[in-house]
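K.L.:
One-letter residues, chain by chain:
There are 6 protein chains.
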Amino acid sequence: MEFSHIDKDGKAKMVNVGGKADTKRTAVAYGKVTMRKETLNAIINDEIPKGDVFTVAKVAGIMAAKNTSSIIPMCHNIFLTGVDINFESKIEKEKGIVEIFARVNTIGKTGAEMEALTAVSVAALTLYDMCKSVDKMITIENIYLMEKFGGKSGHWRREDESLHNNS
Amino acid sequence: MEFSHIDKDGKAKMVNVGGKADTKRTAVAYGKVTMRKETLNAIINDEIPKGDVFTVAKVAGIMAAKNTSSIIPMCHNIFLTGVDINFESKIEKEKGIVEIFARVNTIGKTGAEMEALTAVSVAALTLYDMCKSVDKMITIENIYLMEKFGGKSGHWRREDESLHNNS
Amino acid sequence: MEFSHIDKDGKAKMVNVGGKADTKRTAVAYGKVTMRKETLNAIINDEIPKGDVFTVAKVAGIMAAKNTSSIIPMCHNIFLTGVDINFESKIEKEKGIVEIFARVNTIGKTGAEMEALTAVSVAALTLYDMCKSVDKMITIENIYLMEKFGGKSGHWRREDESLHNNS
Amino acid sequence: MEFSHIDKDGKAKMVNVGGKADTKRTAVAYGKVTMRKETLNAIINDEIPKGDVFTVAKVAGIMAAKNTSSIIPMCHNIFLTGVDINFESKIEKEKGIVEIFARVNTIGKTGAEMEALTAVSVAALTLYDMCKSVDKMITIENIYLMEKFGGKSGHWRREDESLHNNS
Amino acid sequence: MEFSHIDKDGKAKMVNVGGKADTKRTAVAYGKVTMRKETLNAIINDEIPKGDVFTVAKVAGIMAAKNTSSIIPMCHNIFLTGVDINFESKIEKEKGIVEIFARVNTIGKTGAEMEALTAVSVAALTLYDMCKSVDKMITIENIYLMEKFGGKSGHWRREDESLHNNS
Amino acid sequence: MEFSHIDKDGKAKMVNVGGKADTKRTAVAYGKVTMRKETLNAIINDEIPKGDVFTVAKVAGIMAAKNTSSIIPMCHNIFLTGVDINFESKIEKEKGIVEIFARVNTIGKTGAEMEALTAVSVAALTLYDMCKSVDKMITIENIYLMEKFGGKSGHWRREDESLHNNS
Chain A
1 MEFSHIDKDG KAKMVNVGGK ADTKRTAVAY GKVTMRKETL NAIINDEIPK
51 GDVFTVAKVA GIMAAKNTSS IIPMCHNIFL TGVDINFESK IEKEKGIVEI
101 FARVNTIGKT GAEMEALTAV SVAALTLYDM CKSVDKMITI ENIYLMEKFG
151 GKSGHWRRED ESLHNNS
Chain B
1 MEFSHIDKDG KAKMVNVGGK ADTKRTAVAY GKVTMRKETL NAIINDEIPK
51 GDVFTVAKVA GIMAAKNTSS IIPMCHNIFL TGVDINFESK IEKEKGIVEI
101 FARVNTIGKT GAEMEALTAV SVAALTLYDM CKSVDKMITI ENIYLMEKFG
151 GKSGHWRRED ESLHNNS
Chain C
1 MEFSHIDKDG KAKMVNVGGK ADTKRTAVAY GKVTMRKETL NAIINDEIPK
51 GDVFTVAKVA GIMAAKNTSS IIPMCHNIFL TGVDINFESK IEKEKGIVEI
101 FARVNTIGKT GAEMEALTAV SVAALTLYDM CKSVDKMITI ENIYLMEKFG
151 GKSGHWRRED ESLHNNS
Chain D
1 MEFSHIDKDG KAKMVNVGGK ADTKRTAVAY GKVTMRKETL NAIINDEIPK
51 GDVFTVAKVA GIMAAKNTSS IIPMCHNIFL TGVDINFESK IEKEKGIVEI
101 FARVNTIGKT GAEMEALTAV SVAALTLYDM CKSVDKMITI ENIYLMEKFG
151 GKSGHWRRED ESLHNNS
Chain E
1 MEFSHIDKDG KAKMVNVGGK ADTKRTAVAY GKVTMRKETL NAIINDEIPK
51 GDVFTVAKVA GIMAAKNTSS IIPMCHNIFL TGVDINFESK IEKEKGIVEI
101 FARVNTIGKT GAEMEALTAV SVAALTLYDM CKSVDKMITI ENIYLMEKFG
151 GKSGHWRRED ESLHNNS
Chain F
1 MEFSHIDKDG KAKMVNVGGK ADTKRTAVAY GKVTMRKETL NAIINDEIPK
51 GDVFTVAKVA GIMAAKNTSS IIPMCHNIFL TGVDINFESK IEKEKGIVEI
101 FARVNTIGKT GAEMEALTAV SVAALTLYDM CKSVDKMITI ENIYLMEKFG
151 GKSGHWRRED ESLHNNS
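Chains as they are written, first to last, in the numbering used here: chain A, 1 to 167; chain B, 1 to 167; chain C, 1 to 167; chain D, 1 to 167; chain E, 1 to 167; chain F, 1 to 167.
Mixed in with the good hints there might be a few duds.
[Said to hold, decoys possible] The list that follows gives simulated cross-link-like pairs (lysine-lysine, DSSO-like), each with its CA atoms no further than 30 Å apart:
#: 1; chain 1: C; residue 1: 13; chain 2: F; residue 2: 136
#: 2; chain 1: B; residue 1: 90; chain 2: E; residue 2: 37
#: 3; chain 1: B; residue 1: 37; chain 2: B; residue 2: 136
#: 4; chain 1: E; residue 1: 109; chain 2: E; residue 2: 37
#: 5; chain 1: F; residue 1: 136; chain 2: A; residue 2: 20
#: 6; chain 1: A; residue 1: 95; chain 2: A; residue 2: 136
Just so you know, the hints here were simulated from the structure itself, not pulled from any lab data.
Bound conformation, chain A alone (with noise of 0.2 Å):
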């Protein structure tokens, strides 16, 4: 078993990709955030322009994932040539769901999944800041790496991703 960030001694290190190939590389990660039905109606109904709460969780998602680097201490400072993300929303089993789906591009010698994961993670920290106020029980769920394109590996694709169809 061989990690990457660790060497012989198992110390930890950043690992030298000096060698690796410039290809176009596309992570996507998935995550899930559970609160009261009240507070996810709250946010999508009409007395809160939806898209608000949306929007600066937008926002933070993506500003942090191009400061990855600054926040994952052995991860490379590469360039994104693009981030997206995007929320669905629903009611089941009388809990409000958010799903976050983070999309992060670059063309470089190592993958974009941390970039993608840090994405979704601080979209999903950004919904709690904004909505704790109303809503103590509100829980961050399931943040996982969903697929990813590029690379020596080329496409892979998380198999139970029925996890993130259902709650």
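We have chain A already, so just place chains B, C, D, E and F on it with the hints.
P.N.:
Coordinates of chains B, C, D, E and F only, in the frame set by chain A:
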């Protein structure tokens, strides 16, 4: 239903807390990371010196806690009097599980919930990053606020805390 | 004539405010952005949901206000108790005009003028960035301090305030 | 009318530039700061060594140019090959005027307009900050893009450039 | 022997200072940079306007002092009431020597030692960067804490201070 | 004598490297930290798990390397392909000595000298911070560039390297 982060027109704002008193406040957040049991074993057994991966994740979480107001748009920049992050790991139902507990202390006009949640999230993302070369199925689950002390609302503890005792 | 940021030898320094009292302080800054009227119409009419461009600009301005001491070399890092940014738009003399008002509150030993001015500037730059693909002639005009409260000098209001009522 | 930063549903996004070619690009931005003539004289005459205030403003502008993608939400993080900022000062109609010119070079898939405009804005804010203790009427005026080279649209120069030759 | 940054299990933590009193505190740090005498002469003689290189280094040091808690993992984010950095240069034993003195003031629960030391280090690195194209043998030497005031331990001054009077 | 960071008028600028070729470059920097021998023993003996203090210092150094262009004003923001930091410790002449070696790799138009030097400096400052509660006499000594590869000037190695073999 009143959202403190959203003004009368539904536009985002950063709440004015100038009228609140300075009190000692503590927030404790929880997070869970699941992985293949082989991944966890590799981290905690003798080949890989115990603590190193966790130390990197802890440093990342502490630095993120201090940086929360730069990551979460509507968070106040507050003085943190202390940050502590602990990890507990176990094998359960053939999966490796790492539980993360972040305790953040502050003295001020707003609580440190977002700082504790950000610390947990970034520590979890760092674990993910350190191990992703050997395990693409790592999942960050169940990040939420466990407990808070201080401020006008005083002590609060999440009731369904069993959540973080079972995978 | 005595510049508080420049010492006796004319060298830059960061002023020592340790002897000042903690008081509630507010600063209000103003900025104006002009563009083609078609650009403004596209932002505010139905094709482009009103508020989204402004929400992104507001989030950028609020985050910049909190980050002012990392951007402006001699600014103190202060605790902001609140930040609010508002936009007013109109068509005047065949040009689209967006006026930006940033109000920043703090309790401390120095005022929040630079935070309010930075919030306005970054909100203006973000409007520029969001619209530059359709309008290269956008101009940021007339950024200045409108009003301040608190501190030793007390209330102050810019006299020629008509500036920000006429284009 | 098509805004590159806004998707079909009017939601903000960070544009994907992965399909664009790498070319040398240059952007030149302009800004003007007006102040009392006594303030300008104090900066440039012998009591205050010429250049010090301008050097602080230049350093702030250069650092901000490099940091633009952390300040402006939808800006790409790009590699800047060079940044230069120059100041020209004069007394005109009894007012002190400082003109700021920022030239930013990059090689990449997107231009450096926002970097040049951010450099000018932050240099102007820093001049403001350095002098605000003696002059509350300082105004930042007329920040705009003067000229750009490279990229698909090639050379572009603002036509009403007389703007930055007269106060 | 008790390390305040290391808990009972030897794991890193950010110390809780919530029980400490707010007091005025000052820290003074020292650093020395040696270079070829030609390099120093070029900086300080007439060809290169005196002060410019030093001003850039001073600005970098002041900004780093404010940013210390983002650079040093276990440092508290504190409010600095003032930062001042001074340089003294001389030719000694055929080498050019620049001595750097950073004084940082704060009012709070922890001292500003790390802020003063970080200011000196970054000012020294900036001198290095500004001059490295003409001198690869520049060396940063003898960075340490000279003196501190305030806090429970009161006044302290390094005894072997002769260190910073002789090269 | 020509300083690449200073223009014809002696004003600071950020050099334009747009005409340089992309090459693989490596920089190795060295630093030494001295402390009481009891302090070093406490770090490396069994009471304090070996590696933890060093791991925190390593993480800090790696993160600082990536952040160099935000810390050093005239440094280009470059893509680092790898960063590694190692520590060697010994007791010599009754003092504890920690030697720090940072190796930074990049592919680009400018070298990574400043990144390597910044990594060493911040790792040293972090050691200082972790141990300062038990030892006020810690001194950071002799930070310099040991070796560099790549770029127009090719391989270079500091001749008086004996410096870092003897205290």
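K.L.:
Please verify whether residue 37/B and residue 136/B have alpha carbons no more than 30 Å apart.
P.N.:
holds (13 Å)
K.L.:
Hey, residue 136/F versus residue 20/A, does the alpha-carbon distance stay inside 30 Å?
P.N.:
Answer violated: residue 136/F to residue 20/A is near 45 Å, above 30 Å.
K.L.:
Given the hint that residue 95/A pairs with residue 136/A, does the C-alpha gap stay at or below 30 Å?
P.N.:
This hinted pair holds, its Cα atoms lying about 14 Å apart.
K.L.:
With a cut-off of 30 Å on the C-alpha distance, tell me whether residue 13/C and residue 136/F pass.
P.N.:
This hinted pair holds, its Cα atoms lying about 27 Å apart.
K.L.:
Please verify whether residue 109/E and residue 37/E have alpha carbons no more than 30 Å apart.
P.N.:
Measuring from Cα to Cα gives roughly 43 Å; hence the hint is violated.
K.L.:
Within a Cα-Cα threshold of 30 Å, do residue 90/B and residue 37/E meet the stated pairing?
P.N.:
Violated. Residue 90/B to residue 37/E sits at ~62 Å, over the 30 Å cutoff.
Consistency with the previously given hints fails for numbers 2, 4 and 5, ordered from lowest to highest.
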